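So in full-length UniProt numbering, spot 274 of the sequence shown is number 274, and the numbers just go up one at a time.
Among these hints, one or two may not hold up.
[What the hints assert, rightly or not] Listed next, the in silico SDA-like pairs over lysine to any residue satisfying Cα-Cα at most 25 Å (straight line): (1) Lys112 with Leu173; (2) Lys209 with Asn251; (3) Lys33 with Asn106; (4) Lys118 with Leu204; (5) Lys243 with Leu277; (6) Lys57 with Ile148; (7) Lys209 with Lys159; (8) Lys112 with Ile34; (9) Lys46 with Phe143; (10) Lys275 with Lys209; (11) Lys103 with Ala23; (12) Lys105 with Leu173; (13) Lys257 with Gln225; (14) Lys103 with Gln14.
Because the hints were derived from the structure by calculation, they are not lab data. Keep in mind that this is a model prediction, so the values were computed, not measured.
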Amino acid sequence: MPTFGDKSKSSDYQSTITNIYTAAKLNPIDALKITVGGSLLSYELKGVAYDVDQIAKENNKFTPYVGTVYDLSDEHSLYASYAGIYKPQVERGASLKTLAPLKGKNYEAGVKSEWFNKKLNSSFALFRTEQENQAQSIGTASFNGSIINTYEGIKATTKGYEFDVSGEVMDGLSVNAGYTRLMSVKGDNNQNVNPFVPRHLVHLTTVYKVPFVENLKVGASVNWQSDTHVDITLPSAAVVRYKQDSYATLNLMANYKIDNHWDAAVNLYNVTNEKYLSSLRYASAGQAYYAAPASAMATLTWKY
């Protein structure tokens, strides 16, 4: 048996969050639909973490939401939305106290379309997010031999766009595909923020109903993302860059509907056994883990 040292408790605190959502839909004219609403959040944090008192409280913090859709025709619509952001955080500052809540605004506008008698749908959107207290890594701290990531709250602005298309492209073949581009994620000093978040994302999923085997569907999905990295400052002041190259994963599936109650399915994940780090977010504390290798799962489902 291995020999373990004395146990220690780094944290002993409790957090309670309550969030109430409400929304109303308005239709002032036939072509215009408006949704207004928001959420009312209360939370409390109290206790001790890393020998530092953790105390935070907020009552009935309201964050608004407004969304509009305007129908240009039966097939094409314009939409726009605004949403407030207010989210308690778990990241800790240099003093090891929890950072203040993340605050901000999110704007989105785009166009949605239907094609080929509504068999195919497409959407294109531009988005912009403005945030305060965005957690940005400033290094690490030590507590009882453990390395702890530390952060500071900064202002950050994210801009980008995304395109999606989904529907039936031919008899029996359905497709869902999309591309997301983060054009910039900049801090208040124009620094690059969160480089561990990929700037390019592509996804493609296809499902095919096999014509000569009734109730059998087969499918495949491919996900690709661009490279990511983090820069870590060592105690010697030297800067080391950890990088994850771009990668793609392939998943396969087959589903057979036996009758109105029974379904059988087989799913194959990461078929090419791609080896990659799932995230570099906490790499400065040595926490960067490889994602799951190739795997398979078979299921038999019964529904009443």
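Out of the numbered hints, which ones does the structure contradict?
As far as the earlier hints go, 7, 10, 12, 13 are violated by this structure, in ascending order.
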